[in-house]
Structure formats: structure tokens, C-alpha cells
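There are 2 protein chains.
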Amino acid sequence: MSVLEGKVLVAQGGGPTAVINQSMVGAVLESRKFPQVTRVYGALHGVRGVVEEDFLDLTEATTHNLEAVANTPSSGLLSTRDKPDVEYCQKIFKVCQAHNVRYFFYIGGNDSADTCRIVNEESDKAGYELRVIHIPKTIDNDLKVTDHCPGYGSAAKFVAQAFAGINLDNRAIPGVYIGVVMGRHAGFLTAAAVLDKKYPDDGPHLVYVPERPFTKEQFLRDVKRAYDHYGRCIIAVSEGIQDANGNAVAAQFTGGEKDAHGNVQLSGTGALGDLLSTWVKSELNIKRVRADTLGYLQRSFLGCVSEVDQYEAREVGEKAAQYAIWHNLDGSVAIRRIGDYAVEYFLAPLKDVAREATSMSDAFLNAEGNYVTEEFVKYAKPLIGKLPVMERIAAPRVAKAGE
Amino acid sequence: MSVLEGKVLVAQGGGPTAVINQSMVGAVLESRKFPQVTRVYGALHGVRGVVEEDFLDLTEATTHNLEAVANTPSSGLLSTRDKPDVEYCQKIFKVCQAHNVRYFFYIGGNDSADTCRIVNEESDKAGYELRVIHIPKTIDNDLKVTDHCPGYGSAAKFVAQAFAGINLDNRAIPGVYIGVVMGRHAGFLTAAAVLDKKYPDDGPHLVYVPERPFTKEQFLRDVKRAYDHYGRCIIAVSEGIQDANGNAVAAQFTGGEKDAHGNVQLSGTGALGDLLSTWVKSELNIKRVRADTLGYLQRSFLGCVSEVDQYEAREVGEKAAQYAIWHNLDGSVAIRRIGDYAVEYFLAPLKDVAREATSMSDAFLNAEGNYVTEEFVKYAKPLIGKLPVMERIAAPRVAKAGE
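Taken in sequence, the protein lines are chains A and B.
According to our numbering, the first sequence is numbered sequentially starting from 30.
According to our numbering, the second sequence is numbered sequentially starting from 30.
Same shape as in the complex, but just chain A (with noise of 0.2 Å):
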């Protein structure tokens, strides 16, 4: 066991998810049955609270109010988009030593892991000794090392309930339907569209993600063919797909607005869906084409969870606390998944986890780059968690009169 007596501090950073909260709470519950743990703090909006000193004292929030917000979604200590330097993190480390904070538990992803790596570095190059540990989260999915990330479930599961409620209502009135998901790179939500799907015809028939390039015609010609198939078409598509030359197909229409980490802005706009389903309209003369964005509701929808990704949250939470004050350790935990369907926990050195992302294998796509193979629905399928009751009516056709 550790033997370094001090404080505790928690912070989370970057998109909320559904379940991100499971990991603060999962994290602070369990720190504060060690004996050297002194008290345990919250940084508010992410790193930016740390260095800016804006703390909450979480061993004096109880326990039901801590269960409530672990049952809350998106990131009840606040979030931020800063992506520190090594400056920034010297001054989190000399922040965290004036407190005399000994474990820090960052939840976030790969950005957030590297800042984890670095404030590491450097308090141990300043011989202080902090124990960091890098709590992973993301929708996206897309972080190294680990089976997956707690919030991809549950996002998942959103995705896949709203494309099974569109497909209920694409066969009521039919038409050509466009589902844009959040994924820059990683087009593994996108691809959870197709997990709710039940009987043969079921949309939607199309997965459009960043890993394979997009191109007009082959769009046109995929839809054409569904079309034509179905009587209807339903296209779920990365907001991140990508021309054969790397180019976003959304960026040339968002007038170019940049995130703070340089990034174009694909989410909260409705425009690249408005530029498919005018493809669609002009070049295959289909009159009802429909294109939703569905934008933040994806991340933040209240009442939409996963039990499972629930669950691994809060472990991974409580495993950061394990690691670090049971063994005195730094890394980033991660997720290996040992049976269909059972995980177990284990720490991956920070610097493999930071910075770099992944994205879909090319197991998990077709060949075409239009849809995604059975191997992805087995690996995706037990992260969604249970599904809703759907079912068609299953009755005989009457006779016409005359007949």
C-alpha cells in the first residue's frame, strides 16, 4: 500500500458523456476509505479549475447526493477544453504541492491522458511525489490500449435507439433519411446505428464513416441501389467523413470556426446533412429526403444509459483509486475484455494511451466502405446494454372484395 499521506483530487475534462460522473463518483467513494487520504477534492472545469486553484471539498459531499450525480449525466464537476502545455502542467503539479495533493485522477481522453503523462513528468522531475492516474472516457471510443471507453456504451445506445425509432418511422412514410453522427476520426458511433436493427429490411442501409474515403458518386450510386431495393434509405454518416485526400466533406460549410485544440468545427451546424440530402434531391430525383444532425443530444441526452457502460465506469473510477493508493502506481486504466460478456481492469503505461487516438479496425467495415462487418456487431453489441420492446404486426392479409 501507499504510505504517501495527503489529499486526493479529481477533475474531468473534456466532451461529457452519459457516465462520467459513475467515474468521479466511483473514484471519490473509494479514496475515501483509505486512512492516508486526508480529503478529497473536486477541480472544477477540468485542468483550467486546478491551475486556477477552483475546488470543491468532496469528503464533505455525501453520499446520496454523490450516488444522485453518478446517476447524472454529462460532467457534474464542470469541463473544459484547455489542452496544457508543459507549462500549464508544472503549474497543475505546483498547485497539487501546495495542497499537498498525492493523487491525481484525471478523467478524459487521450488529450487528457497525455496531460496526465506530462504533470507526471514533471513532478517527478521536481521530486514531488503524485501519483497521476488517467481515468479513460469517451464517446468516440477511439482510445489505445483499451477494449473500450466508458460513454461509448451509452452513447452507443442512443445512436442505436434513434436510428430503430427512425427505421419505424422511415417504413410508416417512407423516403430517403439521413442520420448525422458525432465522430471526427473514429467512426465507431456511427456504426452503432446499425445495433438495434431486427428484421432483414431494417435501416439503416448505409454507414458512412472517416476510416473509409467518401465520394459523391459512390454515395449516390449506394443510395441509388437501397433505394431502389427498399422502396426507402436510411444513412447514418459520420459528421468526420473524409474525401479521398483527407479533407472533411462537412469543413468546406461551417465557415471554418476552430476549436481550441485547431480542429474544425462538424458538430452544432446541420450542414453537412443539408448538403447529402440536397445530393440526393437534385442528382437521384427522390422528392422526400430528410437529414437530421444529432448533434449533443447524443452525449447528453438525460435517460439514456447503458447498465453496462454504467457499471465499467464506475469500476474504472474505483480501479483508479485502487491502483494508485493500493500500489502506489501512475497509468491510465484500461479494459480487456476476458469472455462474451466479461472485462477485467488492468493500468497501461499513460504515454500509450496519450495524445494518439485509434479508430475502427478493418475487421469492423465491408469492403465496400459502406457498411460495417458482423465481427463489429459482436464486439459492440453487449456495450449498449439492454433494448426497448419493437415488434411488427404479425397478421394474414385479407382478400380484396372482388377477389
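No lab work stands behind these hints: they were computed from the structure.
Since copy identity is lost for identical chains, a pair holds within one copy or between any two.
Derived SDA-like pairs: lysine to any residue, alpha-carbon spacing no greater than 25 Å straight-line:
| hint | residue 1 | residue 2 |
| --- | --- | --- |
| 1 | K316 | L304 |
| 2 | K310 | G398 |
| 3 | K415 | N100 |
| 4 | K310 | E246 |
| 5 | K410 | N100 |
| 6 | K415 | Q339 |
| 7 | K310 | A280 |
| 8 | K227 | A255 |
| 9 | K154 | A430 |
| 10 | K429 | G35 |
| 11 | K226 | Q339 |
| 12 | K415 | A97 |
| 13 | K429 | R110 |
| 14 | K112 | R317 |
| 15 | K429 | E81 |
| 16 | K429 | E82 |
| 17 | K415 | E96 |
| 18 | K415 | E336 |
All figures in this text were calculated on a predicted structure; none of them were measured in a lab.
Dock chain B against chain A, hints included.
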């Protein structure tokens, strides 16, 4: 009791809802109890399926299957946008005559009520005894006579949960968020965005509906004031907002596509959200502005049903069969509120519900035309049923190290 021996015919028209199948199944199962009902048919694709004699024999559907269908969103019998004229309605009753249909139940909005009215008149003129009952459904809540419409509660719950999640997300990473909600002439669904606000600073902070003239000047003034006050701003806006001359603000950006009823397409495009977003960015110089159009998810998302809406939709279906077969009556099933919260059902004349729709009363909207009143909240809250847990962290602030 009606002594008319013959068949029951059920059909579903217009846009699907989350609970329209409850009404259908309620009517079918209740009808199957009467000995004078020889068969219960379901027409596929609404009135189009009637004139084309495209029928399923629901007498031979199992109860388990029908109950599962009742719990499935969207129209299980599929739908149509056809709006029958007199000639079309003559065809409907002639098909009814050919099949000895004596009870026709049509689930839909005001256009469907009008179809019921004409079919009823034409069959009367022809001396063919046909009981016709309109069963109300619409997510827009814009039917006359009834206190509210089945279908609205579940769509309102979706909108309330969407904005509750958006509010949590927007607290974590502040900015301006614009959510465009369905509603061409009635703002009920947009107004539902406020129904899951818990803390005083929760969004949405502004609500714009078609019942009040929308001006760019007021909109920007309102957004600036809210943003200055809260450091963020969430806006719920109806797709059908109009300028002082009654022109849809969205109309000029959709290429003018019109549906079968001659209405300009408002849904299935992100144009209105993007327009408002551009105004806020350019004129208020606020950087992080996001717009989502909630789109078709509002009426078809799998797994978001108000339990109140669910049983009321079931009951209006059952009552349709009872009014027609026990009492030999024609009309439109309506809901009267008799307690907080309790309702009773009654039968309104078809002509009172047919054709013209209604919209939000003045008492539901504030004087400035940018928000709802407490009276609206009191009216709508019981309709959306139970909401998920949502709580903020309650913990003391920590003093800074130097303090």
C-alpha cells in the same frame, strides 16, 4: 348497444408518435370482445390502404404480438400523407361497404378527423350505416376540443429530457446553444423544453414559438441579456417561428420544397438553426455557438415514452370501440381534465375537431413572447410522466493555498 353486425376497420394517418400503436391496439383488442364484430381489419398506410383494400386481418393477430406492437413507437400499420377529398372519401366508404365494414376507426390529427367527417357524411347520404370514430393523435398537441392529444406527452418528454441533458452539457462547457423543435403553427412541443428545469439558472433561458412574432432584433437582444447574466444561453425555438407578417423564418432557406398538403418543408433540415447560429456569432461576437435540430427523433425515438401518455393513448383507442359499438355513435374521442392529475373521456362532434387546428393560449406565453408561463408548466408537466434523476454536487468550496 349497436346491433350492426359487421367488420371493424382501423387505420393510422399522418406523422407517427411514440404511442399511436397503443391507440390502435386498444381499439383492436376492445373490438374483438364484441360478438357483432365479425372481423377486425387494419388498413396498411392509412386511408390509402383503405381505397387499395390493403388490409391485415387483426382478428388473427395474437394478443402477445399486439401488446408488443403497442409498446413499439411509430405506426405499426404504416401511414400516409394523403388528405382525402370528397371523391376519395366516397371510395373509402364504398370499400367499407364491399367488405361489410360497419365501424371505421381512424387515428390521426385534424386532417384525419376531417376525413372521418366526410366519410361519415358520404355514407349517410348513400344510406350505408357506418360508425366513424376519430381517435386523436399528434405530437403537436394542436387538436381542438380535447385538453391535450395522445402522442404529445411522449414527444414533450423527449424534448424535456433532451434540453435537460443539453443544459448539463452547456453548464460543463458554456456557450450559446440553439435547439430547433418541431411545430409548424403550435409551440406546445417547443415549450416542453422547460419542463425538466430544476435549478434557477438551468436552461432553456429563452423559448420562441410560432404564436408570437419573431424578430431578429429582439432575439439578439434577448440572447445577449441571458448570456451576460448566465455566462451561457440555451434557446428552444420552434421550426415554425414566423415574422410579423406570418412568414416562416425558415421558409426562405429550404429551397421551397412543399409536401402533399402544400406546406413548406421545415423538418429534416438544419437551415433554421444554422441561420440563428450565424446571427449570434456575427452580431453578438460570441464564439461558441451550437445549433441542433432535434428532427425526427422527437416523434420516433425508441425508448422514450411518458407512461401517462401511454395509457391515455390506449384508453382513447378503447373508448373509440366502446362509443361506436356500445353506443352506436360517431365522433372524435376527446380528453377532459377533471383533477390534478385526472382525466375523463368524451365524444366530440367530428366537425368540431376536423380541419382547423389550435395553438397555445395567451395564458401559456409571457408578455415579451420569449418564454412560457407557470400556467403552461402546470398544464404540461403531468403529461410527460416520471423523469430521470438529475442532481448537482453539493460540497463546500476549498480555500486557495495562499488564503
